[in-house]
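If you read the protein sequences in the order shown, they are chains W and R.
Its first residue numbered 0, the first sequence is counted upward by one per residue in numbering that gives the first Met the number 0.
Its first residue numbered 0, the second sequence is counted upward by one per residue in numbering that gives the first Met the number 0.
Hints were generated in silico from the structure; no laboratory data involved.
Hints should not be assumed to be uniformly reliable.
Unchecked claim - Facing chain W, a subset of chain R residues (Cβ under 7 angstroms, in silico):
(1) GLN8
(2) LEU11
(3) PRO12
(4) ALA17
(5) CYS19
(6) GLY22
(7) ASN26
(8) VAL174
(9) VAL212
(10) THR213
Stated by the list, open to error - Under the rule of at most 20 angstroms between Cα atoms (straight-line distance), these lysine to aspartate or glutamate pairs were calculated in the DMTMM-like manner:
(11) W/LYS28 - W/ASP41
(12) R/LYS233 - R/GLU248
(13) R/LYS228 - R/ASP153
(14) W/LYS28 - W/GLU6
(15) W/LYS25 - W/GLU39
(16) R/LYS148 - R/GLU176
(17) W/LYS76 - R/GLU4
(18) W/LYS76 - R/GLU3
(19) R/LYS39 - R/GLU4
(20) W/LYS28 - W/ASP5
(21) W/LYS28 - W/GLU39
(22) W/LYS76 - R/GLU248
(23) W/LYS76 - W/GLU88
(24) W/LYS25 - R/GLU217
(25) W/LYS25 - R/ASP9
Built from N, CA and C at the ideal position, the CB exists for glycine as well.
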Amino acid sequence: MRLQIDERRCKGCNLCTLVCPYRIFKPGKRANLRGVIVPELDRPERCANCRLRDLYGRTLCGMCQMICPDQAISWVKEEEHVPKKVAIEY
Amino acid sequence: MSEEEWLRQDRLPHIFCAGCGNGTVINCTLSAVEQIGWKKQDTIFVSGIGCSSRAPGYISTDSLHTTHGRALAFATGIKLANPGLNVVVFTGDGDLAAIGGNHFIHACRRNIDITVVCMNNMIYGMTGGQGSPTTPLGGLSTTTPYGSKEPAFDLCGLASAAGANYVARWTSYHVRELTRSILTGLETPGFSFIESLVQCPTNYGRRNRFKQVTDQIEYFRSHTILVEKAVRMKEKGEEVPADMILSGEFVRRNRPALGVRP
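With the rest of the complex left out, here is chain W (with noise of 0.2 angstroms):
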């Protein structure tokens, strides 16, 4: 599972960079369409607790997403790695 961010729903209070335990969220930089700076995603991947949700078949910590007020953190699906076949030419 992967940690997402809707940034129509967010209003930007920093509040998950606070309490993410391996500071994935960080505060951003831009302002978006609606004039909020959304907090940016510094590489989901390292949160352990998003890719063992699955295999637990629980949340295992999820205070992002139960912190934020706004609603606009979830986590989506992610596909299968599929092994890409490289022709390498000499």
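Got chain W sorted already, so can you dock chain R onto it with the hints?
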């Protein structure tokens, strides 16, 4: 079903200010309702007037948005008319402690089977930041520009004394504990009261040296102390600092409840 399905998607994003803690409490309540497995058609959310009382409008169940302070009176009516319904009341501190104070103590006395989630932001947020009965001593607001001179209302103490079956207090920082407490409150037959201190960045934090939303959450984190720890400190003869917020479960008992199907 997930929490997302309990929300009215077409109403989001909600009108709460950026960083308002009411949204967090909605998350926790929906998570608890989700865990207990109630059905949408058997659940009713009731609220009065205020910032916090806009919460049922974002939840896709039947809800009542009632007059100021009278949410508990309406909830009592619902529960007594149809004890099969599960009633959850969202109120704010001005709604519950100030204008609805009498309804509150009598609902506790009757011990009706409802769950009350009080989002205490320590100020009247919607009307422009007037001081409420729960504004802490020295807190600045538009009606207390030199700091509040009155002691604040201890809502949990009031509910315990008036006879509620389950009383707990957490803050919007303690989301896991708050969810667990709300779940216990929903399971408990009889009146369960869960107070949650929430941040109000626009009207409280701005006037009380919390420039950022995260500052007030940090304050909640560092200035809460568990009830059990406070009791232990008192037994050892240590002084509990006066500005500490007591949090945790205050009361869990089994008084006969009203409105429960035998």
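Exercise for review: State the violated hints by number, sorted upward, taking the hints as numbered earlier in the document.
Suggested key: Violated: hints 1, 16, 22, 23 and 25.
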